[in-house]
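*Asks:* Residues per chain, in single letters:
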Amino acid sequence: MFRLNLKIALRNLWKNKAYTLINMGGLAIGLASCMVLLMYVAYEWSFDKQFKNNHKTYVVYNLANASGRIFSWAWTPGDMAPDVEQSIPGVAYASHSSYPEDRLISYGQRNFKKSGVFADPSFLKILDYKFVKGNPDKVLKGVNTIILTETMARNLFGDEDPINKTVKLDNAEVLKVEAIIEDIPKNNSIRFDYLMPWALNVKVNPWMKTNGYEGNFCLTLIQLQDNNYFERANAQIKGIYKQHKKDSNSEAIMHPLSKWHLYSNFENGKSVGGRIDQIKIFFILAFCILLIACVNFMNLSTARSEKRGKEVGVRKTIGSSRKSLIGQFLLESLLLALMGMLVAFVLLEISLPYFDELLDVNLSINYSDWRFWSALTGLTLITGFIAGSYPAFYLSSFEPVKVLKGATIVGNSSLSVRRVLVVFQFVFATCLIICTTVIYQQLSYIKNKPIGYQRAGLIEMPIQGNFKAPEKLNTLKDLLIKSGAVSSVTSFSRGLNEDGNNTFSVEWPGKNLKDETLFNFRFAGLDFVKTIGTDMISGREFLSSSDSSNAIINESAAKIMGLKNPVGTMINSQGTPLNIIGVMRDFVIESPYYRARPMIVYHHMREVNVIIARLNPAMNVSNAIGKIDEIIKTLNPEYPVGRKFVNDGFEQKFQNEKLLRTLSNWFGGFAVFISCLGLLGLALFMAEQRKKEISIRKVLGASTTNILTLLNRDFIRLVVIANLIAFPLAYIIVNKWLSAYEYRINISILPFVIAAVLSLLIAILTVSVQSVKVAKSNPIDALKYE
Amino acid sequence: MIRIEKLEKIYKTEEIETTALNDINLHVKEGEFVSIMGPSGCGKSTLLNVMGLLDKPEKGSYHFMDTELLGLNDRERANFRKRNMGFVFQNFNLIDELTVFENIELPLIYNKIATSERKRLVNEIIERMNIVNRSGHFPQQLSGGQQQRVAVARALVTKPKLVLADEPTGNLDSSHGNEVMELLCELNEAGTTIVMVTHSSHDASFSNRIINLKDGHVISEKMNKGRNEELI
Ligand SMILES: Nc1ncnc2c1ncn2[C@@H]1O[C@H](COP(=O)(O)OP(=O)(O)OP(=O)(O)O)[C@@H](O)[C@H]1O
Ligand SMILES: [Mg+2]
Numbered sequence: 001m002f003r004l005n006l007k008i009a010l011r012n013l014w015k016n017k018a019y020t021l022i023n024m025g026g027l028a029i030g031l032a033s034c035m036v037l038l039m040y041v042a043y044e045w046s047f048d049k050q051f052k053n054n055h056k057t058y059v060v061y062n063l064a065n066a067s068g069r070i071f072s073w074a075w076t077p078g079d080m081a082p083d084v085e086q087s088i089p090g091v092a093y094a095s096h097s098s099y100p101e102d103r104l105i106s107y108g109q110r111n112f113k114k115s116g117v118f119a120d121p122s123f124l125k126i127l128d129y130k131f132v133k134g135n136p137d138k139v140l141k142g143v144n145t146i147i148l149t150e151t152m153a154r155n156l157f158g159d160e161d162p163i164n165k166t167v168k169l170d171n172a173e174v175l176k177v178e179a180i181i182e183d184i185p186k187n188n189s190i191r192f193d194y195l196m197p198w199a200l201n202v203k204v205n206p207w208m209k210t211n212g213y214e215g216n217f218c219l220t221l222i223q224l225q226d227n228n229y230f231e232r233a234n235a236q237i238k239g240i241y242k243q244h245k246k247d248s249n250s251e252a253i254m255h256p257l258s259k260w261h262l263y264s265n266f267e268n269g270k271s272v273g274g275r276i277d278q279i280k281i282f283f284i285l286a287f288c289i290l291l292i293a294c295v296n297f298m299n300l301s302t303a304r305s306e307k308r309g310k311e312v313g314v315r316k317t318i319g320s321s322r323k324s325l326i327g328q329f330l331l332e333s334l335l336l337a338l339m340g341m342l343v344a345f346v347l348l349e350i351s352l353p354y355f356d357e358l359l360d361v362n363l364s365i366n367y368s369d370w371r372f373w374s375a376l377t378g379l380t381l382i383t384g385f386i387a388g389s390y391p392a393f394y395l396s397s398f399e400p401v402k403v404l405k406g407a408t409i410v411g412n413s414s415l416s417v418r419r420v421l422v423v424f425q426f427v428f429a430t431c432l433i434i435c436t437t438v439i440y441q442q443l444s445y446i447k448n449k450p451i452g453y454q455r456a457g458l459i460e461m462p463i464q465g466n467f468k469a470p471e472k473l474n475t476l477k478d479l480l481i482k483s484g485a486v487s488s489v490t491s492f493s494r495g496l497n498e499d500g501n502n503t504f505s506v507e508w509p510g511k512n513l514k515d516e517t518l519f520n521f522r523f524a525g526l527d528f529v530k531t532i533g534t535d536m537i538s539g540r541e542f543l544s545s546s547d548s549s550n551a552i553i554n555e556s557a558a559k560i561m562g563l564k565n566p567v568g569t570m571i572n573s574q575g576t577p578l579n580i581i582g583v584m585r586d587f588v589i590e591s592p593y594y595r596a597r598p599m600i601v602y603h604h605m606r607e608v609n610v611i612i613a614r615l616n617p618a619m620n621v622s623n624a625i626g627k628i629d630e631i632i633k634t635l636n637p638e639y640p641v642g643r644k645f646v647n648d649g650f651e652q653k654f655q656n657e658k659l660l661r662t663l664s665n666w667f668g669g670f671a672v673f674i675s676c677l678g679l680l681g682l683a684l685f686m687a688e689q690r691k692k693e694i695s696i697r698k699v700l701g702a703s704t705t706n707i708l709t710l711l712n713r714d715f716i717r718l719v720v721i722a723n724l725i726a727f728p729l730a731y732i733i734v735n736k737w738l739s740a741y742e743y744r745i746n747i748s749i750l751p752f753v754i755a756a757v758l759s760l761l762i763a764i765l766t767v768s769v770q771s772v773k774v775a776k777s778n779p780i781d782a783l784k785y786e
Numbered sequence: 001m002i003r004i005e006k007l008e009k010i011y012k013t014e015e016i017e018t019t020a021l022n023d024i025n026l027h028v029k030e031g032e033f034v035s036i037m038g039p040s041g042c043g044k045s046t047l048l049n050v051m052g053l054l055d056k057p058e059k060g061s062y063h064f065m066d067t068e069l070l071g072l073n074d075r076e077r078a079n080f081r082k083r084n085m086g087f088v089f090q091n092f093n094l095i096d097e098l099t100v101f102e103n104i105e106l107p108l109i110y111n112k113i114a115t116s117e118r119k120r121l122v123n124e125i126i127e128r129m130n131i132v133n134r135s136g137h138f139p140q141q142l143s144g145g146q147q148q149r150v151a152v153a154r155a156l157v158t159k160p161k162l163v164l165a166d167e168p169t170g171n172l173d174s175s176h177g178n179e180v181m182e183l184l185c186e187l188n189e190a191g192t193t194i195v196m197v198t199h200s201s202h203d204a205s206f207s208n209r210i211i212n213l214k215d216g217h218v219i220s221e222k223m224n225k226g227r228n229e230e231l232i
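Going down the list, the protein sequences come from chains A and B.
Position 564 of the first sequence, counting from 1, maps to 564 under full-length UniProt numbering, and the rest follow consecutively.
Position 216 of the second sequence, counting from 1, maps to 216 under full-length UniProt numbering, and the rest follow consecutively.
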């Protein structure tokens with residue numbers, strides 16, 4: 001019986017090649033889209049989960065209370081980890097480590113600026129990295145030692161065996177290679193190229209030893225013996241700041257490592273999601289696209305039911321039960337789903353490298369993973385069942401007598417179900433078009449919004465090696481300007497796009513004692529305002545080294561301080577008295593979506609870390625860059641140049657939005673395309689079904705235009721209804737999305753108009769491809785042989 | 001009114017060429033009722049379709065009231081057709097989704113007749129056809145004879161000069177068939193020219209003239225002088 005059914009199913013699919021192709025194509029694209037999205041979701045989900053004990057590992061967060069608001073970050077004091085390990089029961093290990101930072105590593109003539117981390121031996125107990133060479137129990141114990149990743153080792157040593165050889169850190173410390181570990185996968189929150197002992201960090205920065213609970217400069221990881229201890233441990237760690245520092249306004253909490261990547265946003269000390277929100281959107285999108293492909297199938301199958309009706313009638317009269325008919329139709333849809341899956345596979349393998357690049361991730365099909373295969377099988381079965389269910393039950397319900405007598409069986413019910421399905425598809429497609437347009441608008445609004453300085457033509461590079469000496473820095477400045485490549489040069493304590501470096505301890509005349517505003521602080525060289533292309537609202541910028549006890553504040557700071565005449569006012573920041581000499585226009589350092597934070601800028605050449613230069617517009621960019629690199633190379637030959645465009649760094653701030661835009665663009669496009677396939681199939685069928693009617697109309701004098709209007713009218717009505725449903729829905733969605741941004745566009749009518757026009761146009765074009773043919777055909781062919 | 005000369009129609013398929021019409025010469029006068037008879041496959045429907053501008057012949061000429069019709073393009077043919085001709089088919093060819101009234105109204109819509117005028121014309125013909133109480137029904141709800149009367153009504157509602165009927169009684173029993181034939185005769189008496197294809201010599205006896213086709217040739221023509229007397 002099954003063999004017979006299979007044979008009939010295959011013949012049926014073969015006989016109706018156009019439908020089979022449309023169905024299969026739709027399903028394949030739907031399945032492939034769904035799988036790419038699911039793989040992306042799984043990838044994001046897999047972050048930090050490759051460690052054996054990730055479920056009982058926690059990241060310590062510092063919740064700092066400032067004027068009733070709680071700021072949260074995973075920066076903690078150096079003494080915390082040893083204290084936790086000693087005093088909190090149930091803790092298996094606690095480690096402190098630095099955050100990854102780029103440093104120069106050299107072996108012989110080979111120099112690399114790569115990111116490194118300082119960590120305790122227990123760091124390796126908590127995170128079980130895979131050792132290729134060396135013993136995990138014996139490493140990170142000496143001071144001048146290092147662990148390399150495989151790629152780092154290969155870059156430095158080529159084919160040599162690195163163990164026990166020495167490399168140099170920042171041209172100063174000589175470190176012995178103790179072990180080699182596998183490269184850190186991309187789906188890891190802590191990524192580095194080499195690992196060094198914490199003791200070395202303390203050796204280089206002796207202040208760390210005595211800092212106690214003053215500064216937060218470590219990442220503290222805790223691993224529990226088991227999770228039963230969590231409640232108690234978390235309660236105990238809460239007061240750890242106050243225990244060691246009476247006036248501390250911080251509390252500590254333990255945040256699961258496995259949630260670190262996806263749930264990184266905190267609001268008033270509570271975890272409020274983060275990336276997970278986007279992941280949820282993608283997850284829903286994945287299934288919606290698949291559903292759309294299923295809807296296509298349902299639509300076409302029921303539309304075709306008239307042709308299948310006779311088969312059903314005959315089968316029923318010769319004794320087939322309804323159950324076996326349902327089986328037959330389901331088998332057919334499963335077969336199609338299977339074929340779709342095969343094509344989807346090909347599409348997937350072709351497109352994955354492209355998506356990897358686009359999303360900067362590392363997605364690949366792991367063929368030996370049982371989860372992959374079960375997901376695949378599950379997806380195919382679900383698709384087959386969903387797609388086949390309605391047609392199967394509908395078709396098998398035909399009454400044989402009626403069908404065989406030739407009564408019209410495509411009753412109103414199936415017609416309206418089909419209409420509802422088409423409307424559903426187009427609601428989804430229209431929503432996606434609207435959302436994508438709004439994302440585009442918001443992005444371009446933010447990008448074109450003035451950010452307070454001229455970021456085009458600005459470059460920055462780290463102050464490292466020889467440039468740490470002020471005379472060399474001055475030489476560099478002179479040479480750069482003399483070469484004509486740049487028009488002005490300044491320096492800054494951080495990159496223009498980098499955040500961090502902030503403080504609550506700022507005093508000013510008339511400050512409310514309860515006020516705890518977080519100020520950014522920075523150090524800037526001369527010509528800062530001129531170089532970055534912003535301007536002073538009042539006062540002046542730093543003119544010489546005698547300005548070291550003066551400060552510039554930004555507009556926001558002036559507003560917060562509520563000073564009538566800020567210039568000339570004395571303030572105190574972190575214990576240093578400062579005289580305000582100017583107020584500078586606000587400019588974007590952190591998020592372009594939010595108002596600039598108050599900032600204080602000091603002038604201390606010892607504290608600057610970044611050179612910022614404005615390219616001379618008179619020289620073409622590649623020439624200028626060549627000259628700059630050459631000058632830097634000769635003055636500081638041991639270090640890589642490390643020159644970056646500020647604009648590129650700025651673009652990074654939009655990564656999330658760009659990702660959303662890219663994905664909604666692509667998958668929105670796919671959804672629209674699949675819907676069109678469905679529409680095309682339906683039009684194909686309708687045209688065939690109405691061939692006789694159309695011919696009669698033509699004999700009676702209908703023109704081609706008459707016929708086209710007739711055929712399109714129905715579809716247009718459906719699309720219009722879909723639009724009407726989609727508008728409020730999309731409005732709610734984009735409104736919610738936008739409300740997360742302080743700077744945002746007003747929702748205009750434009751996206752809705754675009755969506756309406758686009759969806760109508762697409763529908764009309766799709767339907768017309770088919771109907772033009774019918775409308776132009778010779779009527780007598782259809783009428784002659786009834 | 002119709003003057004067909006040296007008409008030739010060839011169907012080409014992959015395997016064979018069929019000469020459906022071969023050197024046909026045919027004249028039809030205004031107000032005439034002509035029957036076309038002949039064995040199956042001899043080209044009767046083809047000839048009718050050519051006359052109705054539904055098919056294009058390869059050669060020959062076709063004058064309709066002194067206009068040559070064979071050079072016309074699709075649009076001109078469609079326009080000419082809807083103004084001058086009405087069709088009745090063996091299988092009725094009513095549109096299942098439309099009611100009797102709407103089916104009859106359709107050609108008027110395509111002829112861009114105003115709504116009120118349409119209504120008047122349709123009601124008039126419905127009354128004449130004796131199907132008043134059926135006007136809201138769908139074709140499936142009618143008997144074959146009733147359907148054919150609706151089809152005739154639809155063919156007549158535009159008051160065409162020429163009515164082309166392809167085996168109008170082919171699917172009907174003899175009494176229903178007679179109803180339709182009487183209808184056609186009335187019509188003819190009112191002045192409409194009719195060309196009808198038929199297999200039945202009974203039906204043919206209603207006409208003025210019978211043309212016999214065989215293998216695409218006209219083999220004989222016979223005047224049917226007794227027709228009027230018979231009717232009386
Ligand atoms: N579209 C077509 N393609 C090829 N051959 C055709 C086509 N239409 C008709 N023919 C051939 O042309 C010839 C005439 O066909 P036509 O339909 O005019 O016959 P007919 O006299 O109306 O027959 P019947 O009495 O059975 O209706 C036949 O041999 C038929 O096979
Ligand atoms: Mg025929």
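Think of the hints as simulated: they come from the structure by calculation, not from any bench.
Since we're looking at a predicted model, the values are computed, not measured.
Take the hints with a grain of salt, since some may be wrong.
Label-pair ranges, simulated between beta-carbon atoms [as the list claims (entries may be wrong)]:
(1) B:S175 x A:I780: 49 to 59 Å
(2) B:N111 x A:S777: 14 to 24 Å
(3) B:D74 x A:V769: 15 to 25 Å
(4) A:S777 x B:S175: 34 to 44 Å
(5) B:N79 x A:K773: 15 to 25 Å
(6) A:S416 x B:R75: 30 to 40 Å
(7) B:H199 x A:I725: 55 to 65 Å
(8) B:R75 x A:I725: 36 to 46 Å
Backbone N, C-alpha and C define an ideal beta-carbon position, used for all residues, glycine too.
*Asks:* Now tell me if each hint is right for this structure.
*Replies:* Outcome of the hint check:
1. B:S175 x A:I780: 49 to 59 Å: The hinted range 49 to 59 Å is violated for B:S175 and A:I780, with Cβ atoms some 30 Å apart.
2. B:N111 x A:S777: 14 to 24 Å: holds (22 Å)
3. B:D74 x A:V769: 15 to 25 Å: holds (20 Å)
4. A:S777 x B:S175: 34 to 44 Å: About 38 Å separates the Cβ atoms of A:S777 and B:S175, which means 34 to 44 Å holds.
5. B:N79 x A:K773: 15 to 25 Å: Holds, since B:N79 and A:K773 (Cβ atoms, about 22 Å apart) stay within the stated range.
6. A:S416 x B:R75: 30 to 40 Å: holds (36 Å)
7. B:H199 x A:I725: 55 to 65 Å: holds (57 Å)
8. B:R75 x A:I725: 36 to 46 Å: Check passed, 40 Å falls within 36 to 46 Å.
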